[in-house]
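> Listed here are the chains, written in short residue letters.
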Amino acid sequence: MIDVKNVSKLYTARGKTVAALNDLTLHVDRGEFVVVRGASGSGKTTLLLTIGGMLRPDRGAVSVAGEDIYALNSAKRATFRAAHIGFVFQMFHLLPYLNVRENVMVAAQKDKKADAYAILQQLGLAERVRHRPAALSAGEKQRTAVARALINQPDIILADEPTGNLDPDNAADVIERLAQFHAAGGTVIVVTHGKGADKYADRIVKLEKGTIADL
Amino acid sequence: MPALLFKEITHRKINFLLSMLAVVAAVAFLVAFFTTSQASKRETTRLTRDMGFNLRIIPKATNMDDFWNNGFSETTMPEDYVLRFNAFKNFSYAHLTATLHERVNWRGMDVILTGISPEIEPSGKKKTPMIFSIRPGTVYVGYEIAHAFDLKKGDAVDLFGKKFIVARTLAENGSNDDIRIFAPLDEVQEMLGKNGRINEIKALNCLCLTDDETDPLEILRRQLSQVLPEGKVVMNRTIAVAREKQRRMMENYIAMLLPLIVIISAAWVGVLAWINVRERRQEIGVLRALGYSAGKIAVLFLGKAVLLGLLGALLGWVIGTALSLFYGPDIFKVTAKAIKPDVALLLWSLVAAPLFAAFSSFIPAALAVAADPAVTLREE
Ligand SMILES: Nc1ncnc2c1ncn2[C@@H]1O[C@H](COP(=O)(O)OP(=O)(O)O)[C@@H](O)[C@H]1O
Ligand SMILES: [Mg+2]
Chain A
6 MIDVKNVSKL YTARGKTVAA LNDLTLHVDR GEFVVVRGAS GSGKTTLLLT IGGMLRPDRG
66 AVSVAGEDIY ALNSAKRATF RAAHIGFVFQ MFHLLPYLNV RENVMVAAQK DKKADAYAIL
126 QQLGLAERVR HRPAALSAGE KQRTAVARAL INQPDIILAD EPTGNLDPDN AADVIERLAQ
186 FHAAGGTVIV VTHGKGADKY ADRIVKLEKG TIADL
Chain B
4 MPALLFKEIT HRKINFLLSM LAVVAAVAFL VAFFTTSQAS KRETTRLTRD MGFNLRIIPK
64 ATNMDDFWNN GFSETTMPED YVLRFNAFKN FSYAHLTATL HERVNWRGMD VILTGISPEI
124 EPSGKKKTPM IFSIRPGTVY VGYEIAHAFD LKKGDAVDLF GKKFIVARTL AENGSNDDIR
184 IFAPLDEVQE MLGKNGRINE IKALNCLCLT DDETDPLEIL RRQLSQVLPE GKVVMNRTIA
244 VAREKQRRMM ENYIAMLLPL IVIISAAWVG VLAWINVRER RQEIGVLRAL GYSAGKIAVL
304 FLGKAVLLGL LGALLGWVIG TALSLFYGPD IFKVTAKAIK PDVALLLWSL VAAPLFAAFS
364 SFIPAALAVA ADPAVTLREE
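So the sequence lines, in the order shown, correspond to chains A and B.
The first sequence lines up with residues 6 to 220 when you count with the numbering used here.
The second sequence lines up with residues 4 to 383 when you count with the numbering used here.
Please note that a few of the clues may not be correct.
For lysine-lysine, the following DSS-like pairs were computed, each having C-alpha atoms within a straight-line distance of at most 27 Å [claimed, not checked]:
| hint | chain 1 | residue 1 | chain 2 | residue 2 |
| --- | --- | --- | --- | --- |
| 1 | A | K115 | B | K10 |
| 2 | B | K166 | B | K156 |
| 3 | A | K115 | B | K299 |
Non-contacting residues of chain B with respect to chain A, defined by C-beta distances greater than 10 Å in every case (computed) [unchecked claim]:
| hint | residue |
| --- | --- |
| 4 | N72 |
| 5 | E147 |
| 6 | L358 |
Note that these hints are calculated values from the structure, not bench results.
Note that CB positions come from ideal geometry on N, CA and C, so glycine has one too.
Could you build the full structure based on these sequences and the hints that come with them?
Structure, rendered in structure tokens:
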């Protein structure tokens with residue numbers, strides 16, 4: 006499903022070059038649930054953005070669902086992303102001026118039959134569809150973000166510390182939602198420090214200085 | 004996508020309203036300027052007429068001492084001289100009227116009786132009549148006469164045994180028009196026994212002076228010698244020229260101001276668009292992550308600019324037109340009715356303002372598109 010081959014991503018700041026990803030190779034099968042751990046600055050976010058087609062690596066190749074995504078032009082890659090990948094971020098990143106339903110629909114692709122209401126209902130947000138993010142609790146915000154990630158029935162969900170800003174109950178709830186997606190056949194890569202996801206994980210990967218470390 | 008646009012605008016109203024202010028101000032200013040400039044041109048012409056016709060074509064044989072002493076020529080010429088102008092195209096003066104003046108004693112008062120013909124336009128020119136045309140059987144009386152005999156509109160007066168109705172009493176003019184009675188030319192000719200004779204053709208310079216250097220009188224004299232070698236031309240130019248020059252100066256001044264206003268409002272719109280883009284960096288990153296291409300992001304920002312331009316154009320046109328209609332008549336008293344909403348200007352604004360706003364927002368929009376979504380998504 007996901008093939009990351011010898012990928013490096015270099016950043017130069019104040020004359021010093023840092024390899025956020027350093028010759029990293031990772032293969033994830035369809036339907037796998039992968040937990041990614043690592044110290045701050047070890048390259049976790051960089052890895053997810055690279056897999057999600059948001060960040061072109063300096064070396065190496067990334068193929069997702071059989072597509073060499075960085076061989077696509079930027080517009081095609083955007084379309085590919087919309088069709089195959091759902092993102093969940095630590096900071097939720099909802100649009101402040103759209104209500105819950107609109108925040109989900111803003112991601113909806115025309116050709117897919119998107120039913121925001123059904124998904125929101127499943128996530129316990131039926132009463133919140135008309136509310137703006139400002140009126141939501143952190144847990145509700147993140148569930149809205151999960152709904153948005155699910156709206157196009159993606160193959161893969163990439164979640165970058167989705168529980169980082171949540172209390173334990175809400176954190177467990179969000180992990181539970183990712184597990185449900187996984188149970189239905191979806192592929193999940195989640196960066197998380199908590200242990201909550203471990204029981205669902207097919208595999209736990211640890212990053213260290215931009216490469217996979219042995220556990 | 005349109006929903007996204009509208010909701011973002013209502014969410015960040017202040018930014019949008021401030022941008023719109025700039026577009027509205029620029030459009031309103033331009034619209035007001037163009038709406039009134041037509042009126043200003045007419046006004047100049049009208050005022051010139053009100054000051055008296057500024058060209059006087061008199062028989063060549065006129066003794067100029069007498070002419071200036073009497074205020075008109077003692078010599079007469081055939082009325083059909085005026086018709087000769089009809090054959091002559093591309094005249095630089097217009098609104099020709101044949102007149103006959105004679106000093107007469109009326110009710111014991113020395114007055115000037117002036118017969119005045121309806122206007123004759125040089126052929127090929129279509130213009131609205133500018134001069135009052137006196138209906139048969141009526142007269143206009145000058146201020147001093149009206150005052151002396153307490154005449155009012157609608158009064159009946161007797162002139163050389165013929166009955167006339169006072170159609171108008173004229174306001175004080177400060178010239179010998181104040182002791183003048185205007186009547187239709189043919190009736191005056193008959194009263195004075197000078198059928199078919201006139202002693203002056205009055206004309207209004209059309210003020211199409213192409214530049215400040217060429218003396219219009221030169222051109223007029225040259226043209227006249229071709230059309231009417233039996234006549235000569237006298238011109239009262241002081242006030243007309245001064246006014247025309249003033250109008251030109253005003254126009255030049257505003258023409259200088261226009262680019263300045265456009266540049267300032269472009270910068271204003273650009274800065275606000277840039278602030279908007281900065282505020283929305285994360286949003287742009289998220290939209291990219293959700294599968295929005297760079298092109299769609301560009302459309303989002305430029306679409307907003309186009310909308311801004313359309314609304315600004317509409318509002319600016321309304322305000323500019325309203326200002327012209329409201330203050331214009333005070334400034335251009337005589338031709339107030341000539342100030343009308345100009346729909347062509349609205350159409351122009353609706354095309355130009357969105358282009359202008361999109362152009363002003365172009366750099367910020369390009370920045371939005373170029374912004375690395377990975378960087379903004381990483382920001383926490
Ligand atoms: N835009 C950038 N410019 C310079 N350095 C960066 C940039 N983005 C990330 N880095 C560096 O890359 C490394 C990996 O970052 P990141 O993937 O965000 O780590 P993690 O998510 O594991 O905390 C860090 O050392 C970080 O400082
Ligand atoms: Mg990170």
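> Now tell me if each hint is right for this structure.
A quick look at each hint next to the structure:
1. K115/A / K10/B: 20 Å, holds
2. K166/B / K156/B: Since the Cα atoms of K166/B and K156/B sit roughly 14 Å apart, the hinted pair holds (cutoff 27 Å).
3. K115/A / K299/B: 14 Å, holds
4. N72: The claim holds: N72/B sits with its nearest Cβ about 84 Å from chain A, beyond 10 Å.
5. E147: Check passes; 75 Å lies beyond 10 Å.
6. L358: Given a closest Cβ separation of 25 Å, the condition holds.
When held up to the earlier numbered hints, the structure conflicts with none and fits them all.
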